[in-house]
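Line by line, the protein sequences give chains A and B. Going by our numbering, the first residue of the first sequence is number 172, and it counts up by one from there. Going by our numbering, the first residue of the second sequence is number 203, and it counts up by one from there.
Hints are supplied without guarantee of correctness; some may be wrong.
What the hints assert, rightly or not - Here are the simulated EDC-like cross-link-like pairs (lysine to aspartate or glutamate), alpha carbons at most 20 angstroms apart as the crow flies:
| no. | chain 1 | residue 1 | chain 2 | residue 2 |
| --- | --- | --- | --- | --- |
| 1 | B | K302 | A | D202 |
| 2 | A | K269 | B | D220 |
| 3 | B | K259 | A | D224 |
| 4 | A | K269 | B | E287 |
| 5 | A | K229 | A | E197 |
| 6 | B | K259 | A | D250 |
| 7 | B | K302 | B | E246 |
Hints listed in this document are in silico derivations from the structure and should not be mistaken for laboratory results.
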Amino acid sequence: QQQVKQSPQSLIVQKGGISIINCAYENTAFDYFPWYQQFPGKGPALLIAIRPDVSEKKEGRFTISFNKSAKQFSLHIMDSQPGDSATYFCAASRDDYKLSFGAGTTVTVRA
Amino acid sequence: GAGVSQSPSNKVTEKGKDVELRCDPISGHTALYWYRQSLGQGLEFLIYFQGNSAPDKSGLPSDRFSAERTGGSVSTLTIQRTQQEDSAVYLCASSPMRAKNIQYFGAGTRLSVL
């Protein structure tokens with residue numbers, strides 16, 4: 172069964188808007204939560220990651236919010252740009268080992 | 203090369219044929235993973251190699267799937283007697299010992315079984 176559930180499946184946002192993607196997990200042993208960005212025809216690339224000892228991590232326009240008690244984490248893309256149009260995957264792992272991925276969210280940023 | 207290299211980039215085969223997919227990890231990376239990405243789905247873990255340790259094969263969907271890693275570098279994923287449901291993008295990733303939480307992915311091999 173899918174250990175990480177991701178929503179929405181797709182979203183459209185205007186340039187300058189905020190994109191929000193949510194993920195939920197069940198396995199409380201997970202201790203590493205990365206987000207990957209994938210462009211068509213390319214492999215996924217690590218975007219930003221968080222560990223459960225912090226509730227938020229920000230890198231540029233990308234922020235991860237983490238809620239350990241709810242077993243949820245989310246990606247916020249601020250001031251979305253057309254170049255951010257891609258598929259985003261949340262993931263989780265234990266002991267920096269194999270990743271369990273969400274199903275992905277296709278983000279389209281309209282100019 | 204600078205990144206993870208996978209070949210071929212595309213493979214079309216007939217049902218029942220065997221296929222081999224190749225992965226060249228980043229030089230010096232000790233860990234190597236294979237994942238499968240089906241249309242509209244997330245990535246599904248298949249197999250993991252770490253140095254000289256026995257591989258974790260827990261994600262292989264059937265005994266038609268096998269993989270090996272020679273000399274701690276290049277890896278080959280073999281699918282025997284391919285079925286239409288094997289059609290997917292097969293992705294390889296590698297990671298260094300000093301940052302084993304960061305996986306670097308290749309562009310994948312798109313397999314189409316007719």
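Task: Numbers of unmet hints, in rising order - done: Numbers 2, 3, 4, 5 and 6, in rising order.
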